[in-house]
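Assemble the dimeric complex from its two separately framed chains, guided by the hints.
Residue numbers (my numbering), protein chains in the order written: chain C, 1 to 49; chain E, 1001 to 1194.
By construction, these hints were calculated from the structure, which means they are not laboratory data.
Fair warning: there could be bad hints in the mix.
[Unchecked claim] With a straight-line Cα cutoff of 30 Å, these simulated DSS-like cross-link-like pairs (lysine-lysine) come out: (1) E:K1028 with C:K43; (2) C:K43 with E:K1162; (3) C:K43 with E:K1073.
[As the list claims (entries may be wrong)] To give an idea of the chain C side of the interface with chain E (calculated C-beta under 10 Å), a few residues: (4) T14; (5) L15; (6) F24; (7) L32; (8) K43.
These numbers come from a predicted model, not from an experiment.
Backbone N, C-alpha and C define an ideal beta-carbon position, used for all residues, glycine too.
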Amino acid sequence: MAKLYIENSKNSETLQPREETVNFLLNYSQALSVINCSKSNLKFEALLN
Amino acid sequence: MKRELITDAVLVSNYIKGDENSLGTLIKRHKQKIYSFIYSKVYDRDITEDVFQDTFIKVIRTLKLGKYNEEGKFLPWVMRIAHNLVIDHFRKNNRMPKFDNSTDFDIFSVISDSSLNAEKSLIKSQVEEDVRRLIEELPEDQKQVLIMRMYNDMSFKEISDKTGVSINTALGRMRYALINLRKVIDKHHIVLTN
Chain C
1 MAKLYIENSK
11 NSETLQPREE
21 TVNFLLNYSQ
31 ALSVINCSKS
41 NLKFEALLN
Chain E
1001 MKRELITDAV
1011 LVSNYIKGDE
1021 NSLGTLIKRH
1031 KQKIYSFIYS
1041 KVYDRDITED
1051 VFQDTFIKVI
1061 RTLKLGKYNE
1071 EGKFLPWVMR
1081 IAHNLVIDHF
1091 RKNNRMPKFD
1101 NSTDFDIFSV
1111 ISDSSLNAEK
1121 SLIKSQVEED
1131 VRRLIEELPE
1141 DQKQVLIMRM
1151 YNDMSFKEIS
1161 DKTGVSINTA
1171 LGRMRYALIN
1181 LRKVIDKHHI
1191 VLTN
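Pulled out of the complex, with its shape left as it was, chain E reads as follows (with noise of 0.2 Å):
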């Protein structure tokens, strides 16, 4: 007895009127070609696994939504959409460059997290809080200088405008508000850093 082979064309069909083993007995058939269509363009069967299950994720969907074009034939037009989303899947990586970790060199030798950890913001900012009480001990002349200069970023020109010396008096006291901060530092015994 001759089996009768039901053709894409009416599974397609059923599985759109509410058939599901239809998609099975499609993917079943057509697994292999689409799968290694795009192992031959991957070569890597992770990626394989992914842009096969994509492919038939949006087969699904336009089956279901009824977007499907039954003008053309089915195996042709998924391995349309699973080339598409293999060059898909290439613009993706030449955007974003991967890097395996998987020789000898290792990529985090040489780039590191610039922002502080916890532990380092927590150091950070009480040796912030304790050059300000250090600066708050300074003659007034010097701690304004000192102020002007390093927290509010002025220029010695813009220093000696707005306190109405000349800049090498503003000069002169920022410099001795430097040896006595260290002088006091010294003193003290204070550590600024960890």
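Chain C with its partners taken away, still in its complex shape (with noise of 0.2 Å):
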């Protein structure tokens, strides 16, 4: 069988972001909460711990 002379490339290392970075996106998300004024129509973000 022929010889597949291809090396595998260096960068085939899955680029994908750090596991802190999602992590501290869900954490993020969990914190992040919004205050609806309803008699202005007004949001506001609140982030809680």
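Pasting the structure below:
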């Protein structure tokens, strides 16, 4: 069988964000709450820990 | 058994309704594409990480604030946000060029902080005080010319007008003021610099 002269590209390592980044985003999402002020039709963002 | 894939639209809708897990699924599903897209533009892992994070912060805020337009598809929308943030990054960097100092050339060898540190400013104020005291010892006419010239930044023409003497006399008084100051400094071995 013919030999394959193709090197595996070093860039083949998967490009993906660090786990901390993803966890940060998930935590940020959980902490962020939007408060609706129905009377004035305003929305406030609040970060709750 | 065939597993049914939940569409992005459903996940987005569930997330807006409060299902936090949907966001996890969306990130997991698209993180590689979005991350690679950003990396293909900036070629820097740390910057990619920052832009990726900012992208999803924007996504989260938009969804939670109910500003998401469901007409479009989720992934192209996120990609567009990422693309805009990449442009912002390059704009910011062009305005503020960074010097990474990683080569042999050290930028700090050619630029310096011109402001005085605490010690130098203390010495400067002491020297200025000593000079003031020495000036006080000068004859009145010389002292007057020297103060007008050095401290009030007046021209010899202005000094001559103000004191009622000729310009030559004012120049002469200034000359003698400096000679006398040097004499006193030499005589008493006063050191005015560090």
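Now for the hints, and whether the structure bears them out:
1. Taken as a hint, the K1028 (chain E) and K43 (chain C) pair is honoured in the structure, with Cα atoms around 29 Å apart against an allowance of 30 Å.
2. The straight-line distance between the Cα atoms of K43 (chain C) and K1162 (chain E) is roughly 69 Å, outside the 30 Å bound, and the hint therefore fails.
3. Taking the CA atoms of K43 (chain C) and K1073 (chain E), the gap is about 25 Å. The hint holds against a cut of 30 Å.
4. With a cut of 10 Å, the hint placing T14 (chain C) at the interface with chain E holds, because the nearest CB-to-CB distance is about 6 Å.
5. The closest approach between the C-beta of L15 (chain C) and any C-beta of chain E is roughly 4 Å, which is under the 10 Å cut-off, so the hint is satisfied.
6. The beta carbon of F24 (chain C) comes within 7 Å of a beta carbon in chain E, closer than 10 Å, and the hint placing it at the interface holds.
7. Interface restraint check for L32 (chain C): the shortest CB-CB distance to chain E comes to about 6 Å, inside 10 Å, so the restraint holds.
8. At its closest, the beta carbon of K43 (chain C) sits 6 Å from a beta carbon of chain E; the interface hint therefore holds under the 10 Å criterion.
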